[in-house]
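Going down the list, the protein sequences come from chains A and B. First residue of the first sequence? That's 1 in our numbering, and the numbers climb one at a time after it. First residue of the second sequence? That's 1001 in our numbering, and the numbers climb one at a time after it.
Rather than coming from a laboratory, the hints here were simulated on the basis of the structure. Please note: incorrect hints may appear among the correct ones.
[To be verified] Here are some chain B residues the structure puts well away from chain A; computed CB gaps all over 12 Å:
| # | residue |
| --- | --- |
| 1 | Arg1023 |
| 2 | Ala1111 |
| 3 | Ile1129 |
| 4 | Asp1159 |
| 5 | Val1191 |
| 6 | Thr1195 |
| 7 | Leu1197 |
| 8 | Ala1210 |
| 9 | Asp1253 |
| 10 | Pro1295 |
[What the hints assert, rightly or not] Simulated DEER-style distance windows between Cβ atoms:
| # | chain 1 | residue 1 | chain 2 | residue 2 | range |
| --- | --- | --- | --- | --- | --- |
| 11 | B | Pro1295 | A | Asn90 | 22 to 32 Å |
| 12 | A | Pro388 | B | Arg1172 | 34 to 44 Å |
| 13 | B | Ile1306 | A | Ser407 | 29 to 39 Å |
| 14 | B | Ile1306 | A | Val124 | 36 to 46 Å |
| 15 | B | Ser1161 | A | Gly387 | 37 to 47 Å |
| 16 | A | Ser404 | B | Arg1051 | 53 to 63 Å |
| 17 | B | Val1126 | A | Pro107 | 24 to 34 Å |
[To be verified] Computed far set for chain A versus chain B, every beta-carbon distance over 10 Å:
| # | residue |
| --- | --- |
| 18 | Asp39 |
| 19 | Trp131 |
| 20 | Asp156 |
| 21 | Arg286 |
| 22 | Arg291 |
| 23 | Gln342 |
| 24 | Thr346 |
| 25 | Arg347 |
| 26 | Gln381 |
| 27 | Pro388 |
| 28 | Ser404 |
| 29 | Glu458 |
| 30 | Asn468 |
Because the structure is a prediction, the values reported are computed rather than measured. Built from N, CA and C at the ideal position, the CB exists for glycine as well.
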Amino acid sequence: MSIDVEEKFVTPPPAPVPALEVRGLVKHYPGVKALDGVDLVVRPHEVLGLAGENGAGKSTLLKALVGLVKPDAGEIYVRGERVRLRSVVNAAEHGIGMVFQEQSLVPNLTAAENIVLGSEGAGVRGGIYRWDRMRRLAQEQLDKIGSHIDPLARTDSLSFADRQMVEIAKVLRIEQRSQHPPVIILDEPTSVLEAKEIETLFAQVRRLREFASVIFVSHRLDEVLDVCDRVTVLRSGRSVGEVPTAGAAPAELHRMMIGSTGSDDHYHDNVATRAETPARPRLVVRGLSGRTFRDVDLDVHAGEIVGIVGVHGSGREDVCRALFGAEPTTAGEVTLDGAVLQLSGTRAACAAGIGYVPAERKIEGMVGPMSVAENMTLTRQRARCSGPLVSPRKQASLVDSWISRLSIRTPHRGTPIQRLSGGNQQKVVLARWLVSGDVRLLLLDHPTRGLDIGARSEVYRLMRELANSGVATVLLADSLEEAIGMSDRIVVMSDGRVTAEVGCPSGAKPTPLDLVKEMV
Amino acid sequence: MTVTVEQAAESVVQPKAAGLSQRLTAWMPVIALVAILAALTVADPGFFTQRSLTAAAMTAAPLIVLAAGATLVVLCGGIDLSIAAMASLSTVFLALWLPDLGGLATPAVIAAAAALGAVQGVAHVVLRIPSFIVTLGGMSIFSAVALVVSDAGTVPVTDDSTISWLNLYVARYIPMSVAVALLVVTAIALVVRLTPLHSWVTATGYSESAARLAGAPVDLVKIGAFCVSGACAGLAAVMLVSRNFSGNPSMADNLLLPAVAAIVVGGTAITGGHGGLWRSVAGALVVTLLRVGLPIVGVPSAYEQILYGAIIVAAVALTLDRSKVMVIK
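Pulled out of the complex, with its shape left as it was, chain A reads as follows (with noise of 0.2 Å):
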């Protein structure tokens, strides 16, 4: 493969037209840009990779791609031909088609089914499944790629790699409806994958690029420099670079991801200001062990934040909320300030002084339709009521206060929590847990996702208080930067397991490829 990267590097076709062009394509949505003026070359017979940080636009670009994100400007041309994408079916009679990060397979259909399914084309008459002939399109389709799954295998008998190549084969069903080869979209095909069914899917999207073009999308480099021929790295909603892997290193490519590394300012770090490190930590984690990860230790102590960092699938955030008794544990001990819990769910949790805000804001962090002082009570009713009755007095002074406090941008505390924005809305999260005044511990799962930079700060600036204040922390961040300035010691996690820790005190943080050798 390498040698035939580097003829195409050395003498370079005279420029075909390209199976797939994007200019200057733009999405917004309010307060977020997630594209901002994204530039991409597919071209024919070509694989080219897709990387960037969380939040640079990938998952947006592809769902552009794919009809499934209307852009609000720019161009996308299908063989030099402008088109517009309204849905994946319209897509797919352009020739391009989506490998779903999460499969997308019905699993007590057969494989032949699953392949077919929506397309049935002759395999259906009168409303009639013809078996025989559905059998024999779905095998000319596996046989494309050369996979010797049996057709009529149910799917959820298949192994993960078999499901995958099953969608790979219902993906090339796009040919019947496109005259042209096809572009075909690899979501993170690897994530869930071994080392051996990665070195199949490899082959598999080399003997793809013989009849189609495919983008590949993965967060780990090192496979991206290993299957593709070109990348486009995507940061902040642009296209930033476009390297021929050829002689690319991963450290240039991860450094054109990230881009310059944020001052210290922006996290308000504060030398002057941290505590002293007691003896003993405040969190002792031994052995953990669970569904996604195994032998877990981990320390924290009070007044400490703690970044643990790790790629998608290394476990970091069962293991969160597994500390909250929110996810199952088969082994280990924690102890909170020597005391040990029983992990036995979020109530015990809760009396224990642990607090949880979930990386699903939406959904698991806030409850939408209701008030802002409901949510911001509805851990620690006792804050709010007098014996067993809610004290409307008492409530509205006490949310009153955290209001201004965390300088809640609401029209009264008893608004929805809907119609706040998203980082007043996580203030109102995180209030939850310090209406009492007696957390001790705090789990935070990516806690500035989807905000905006200044809302990001000041949730920097609060964590940084309830740090100084005592609380432990625990920071699942959003990105490697965000780890970095944050945290006091960052946790390494790959597959389940804790692989490092690096300090990380203020004025002598490590730089984010130090943590990536690690991740990787």
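Using the hints, position chain B against chain A.
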């Protein structure tokens, strides 16, 4: 890590203030109530009299209690299909226990119904079975038990001295059963309103995972809701027995559809979270008026069931916020 910017960005979207349609659905039960009263009065001027209104209210009493109790379950995001069968079973229990227990029979029946409701709640929460299935099973079981213990027949009540007070009138015009129904509903509504229960029930109904992660006692709240729903069915049974002087294994069975109709006509969201007990009271009155009104406008009562079916579907169609429900099952 699929941090999709769009996921995050959606949360920044600020929904518009309540629109006309929302305000309309908020007042739907009251508007419907007034409209139906007016229509019936026009159709038969004799309808708007103290006598027929009192009769209608008396018919409504058991339905009000049944619907209000089940509303709690619906607010938590579940459904209780067993209420009617539970009430039927309770009429049999009451008729059987009255000779031995006398005045204690009423609280005993309500306690038994509450306990059965709680058992359903525990089955739902601990075994993690959808409430729809648990109470469908409960419905069948309660009906069968009622048939067995009553020998598949009506159990007459010879001495109704301890329950006949329900047939008295308060302040000369208000039937006692109606007064009791309103009192009980008000009491439950107040307890929910004035304590943290309101937050817990609403949060559980809107987003169970968010409620759980906020440390709300989701499981207890749900079990409690089923327990109250059961107790209300027990009370409804006492009202039915006091009116019919007997217990019967299918006495309340035809109240299930009207009760569900009362809840949805009241505007309580079938998906949970949004709604309230008073809404179901209004809904129960609407349903009752329709029921007694059909013969007045000349529609044979055999058409009643068609009406309930249509009401339920139409009311849910009006109140369900489909934009929030991804998959309709």
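Here's how the hints hold up against the structure:
no.: 1; hint: Arg1023; verdict: holds, 15 Å
no.: 2; hint: Ala1111; verdict: holds, 22 Å
no.: 3; hint: Ile1129; verdict: holds, 19 Å
no.: 4; hint: Asp1159; verdict: holds, 40 Å
no.: 5; hint: Val1191; verdict: violated, 9 Å
no.: 6; hint: Thr1195; verdict: violated, 6 Å
no.: 7; hint: Leu1197; verdict: violated, 9 Å
no.: 8; hint: Ala1210; verdict: violated, 5 Å
no.: 9; hint: Asp1253; verdict: holds, 35 Å
no.: 10; hint: Pro1295; verdict: holds, 41 Å
no.: 11; hint: B:Pro1295 with A:Asn90: 22 to 32 Å; verdict: violated, 56 Å
no.: 12; hint: A:Pro388 with B:Arg1172: 34 to 44 Å; verdict: holds, 37 Å
no.: 13; hint: B:Ile1306 with A:Ser407: 29 to 39 Å; verdict: violated, 58 Å
no.: 14; hint: B:Ile1306 with A:Val124: 36 to 46 Å; verdict: holds, 37 Å
no.: 15; hint: B:Ser1161 with A:Gly387: 37 to 47 Å; verdict: holds, 40 Å
no.: 16; hint: A:Ser404 with B:Arg1051: 53 to 63 Å; verdict: holds, 60 Å
no.: 17; hint: B:Val1126 with A:Pro107: 24 to 34 Å; verdict: holds, 27 Å
no.: 18; hint: Asp39; verdict: holds, 18 Å
no.: 19; hint: Trp131; verdict: holds, 29 Å
no.: 20; hint: Asp156; verdict: holds, 20 Å
no.: 21; hint: Arg286; verdict: holds, 25 Å
no.: 22; hint: Arg291; verdict: holds, 17 Å
no.: 23; hint: Gln342; verdict: holds, 15 Å
no.: 24; hint: Thr346; verdict: violated, 5 Å
no.: 25; hint: Arg347; verdict: violated, 5 Å
no.: 26; hint: Gln381; verdict: violated, 4 Å
no.: 27; hint: Pro388; verdict: violated, 6 Å
no.: 28; hint: Ser404; verdict: holds, 21 Å
no.: 29; hint: Glu458; verdict: holds, 15 Å
no.: 30; hint: Asn468; verdict: holds, 25 Å
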